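Please take these sequences and the hints and turn them into a complete structure.
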Amino acid sequence: MTDFLTTGPRGYSPRLILAHGAGASMSSPFLERMAEALAQRGVSVTRFEFNYMAQRRTGEGKRPPPNAARLMDEFRAAVTEVGGEGRVFIGGKSMGGRVASMIADELFGARQIEGLVCLGYPFHPPGKPENLRVAHLSGMACPALIVQGERDRLGTRVEVDGYALSPAIRVEWLGDGDHDFKARKASGFSQGQHIAAAADAVAGFMA
1 MTDFLTTGPR GYSPRLILAH GAGASMSSPF LERMAEALAQ RGVSVTRFEF NYMAQRRTGE
61 GKRPPPNAAR LMDEFRAAVT EVGGEGRVFI GGKSMGGRVA SMIADELFGA RQIEGLVCLG
121 YPFHPPGKPE NLRVAHLSGM ACPALIVQGE RDRLGTRVEV DGYALSPAIR VEWLGDGDHD
181 FKARKASGFS QGQHIAAAAD AVAGFMA
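Using this note's numbering, you'd call the opening residue of the sequence shown number 1 and step up by one each time.
If you're looking for bench data, these hints aren't it; they were derived computationally from the structure. Accuracy of the hints is not assured; some may be wrong.
To be verified - Calculated cross-link-like contacts (lysine to aspartate or glutamate; reagent style EDC-like; alpha-carbon spacing at most 20 angstroms):
(1) 182 - 150
(2) 185 - 150
(3) 128 - 161
(4) 182 - 200
(5) 182 - 172
(6) 128 - 105
Predicted model only: the values in this text are computed from it and were never measured.
Structural data, given as structure tokens:
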């Protein structure tokens with residue numbers, strides 16, 4: 001059985017099932033702050049961990065994350081296990097969002113979810129802009145929101161503006177933000193402001 005961490009209202013509130021990034025757990029400071037911000041906006045956030053990360057937490061090993069495709073079944077199982085009433089969306093931080101995007105059309109077609117939320121989508125590996133992870137995004141039917149920092153090293157605004165993304169995908173840009181939504185002081189933005197803006201965008205999208 002997967003361990004879940006739920007923040008925010010329960011019952012018939014819109015629910016976001018959220019997965020972590022490749023190197024940080026479901027209780028990372030970023031996801032804690034994001035879950036709290038979403039909860040304040042009426043969104044119920046249920047976080048879970050892929051098996052490799054859960055094993056790190058229990059001290060059973062420090063395996064690197066497997067190929068994203070090998071995590072799809074774990075995400076499907078998490079959606080089934082969470083179940084419940086109300087409106088369900090899936091998503092994640094970085095790698096977690098990528099895995100969610102790979103099953104989104106399937107679950108949307110089966111009416112298990114209403115949409116996809118990606119927080120810092122990894123459009124390509126760091127320093128390898130030629131290795132794109134966008135093929136499945138060009139024909140996506142599931143409504144999707146990607147919240148991305150303008151200078152995210154896994155997909156900057158200049159790079160992403162040149163990709164052929166599906167009309168079903170909306171990208172919300174955070175000024176001068178990096179992969180964790182942090183901005184340089186000179187920009188006039190703070191990570192806290194960007195997390196709040198991201199939460200506003202996600203809550204609005206889910207509504």
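Inset, instruction - May I ask which of the numbered hints given earlier this structure violates, with the numbers listed in increasing order? - result: 6
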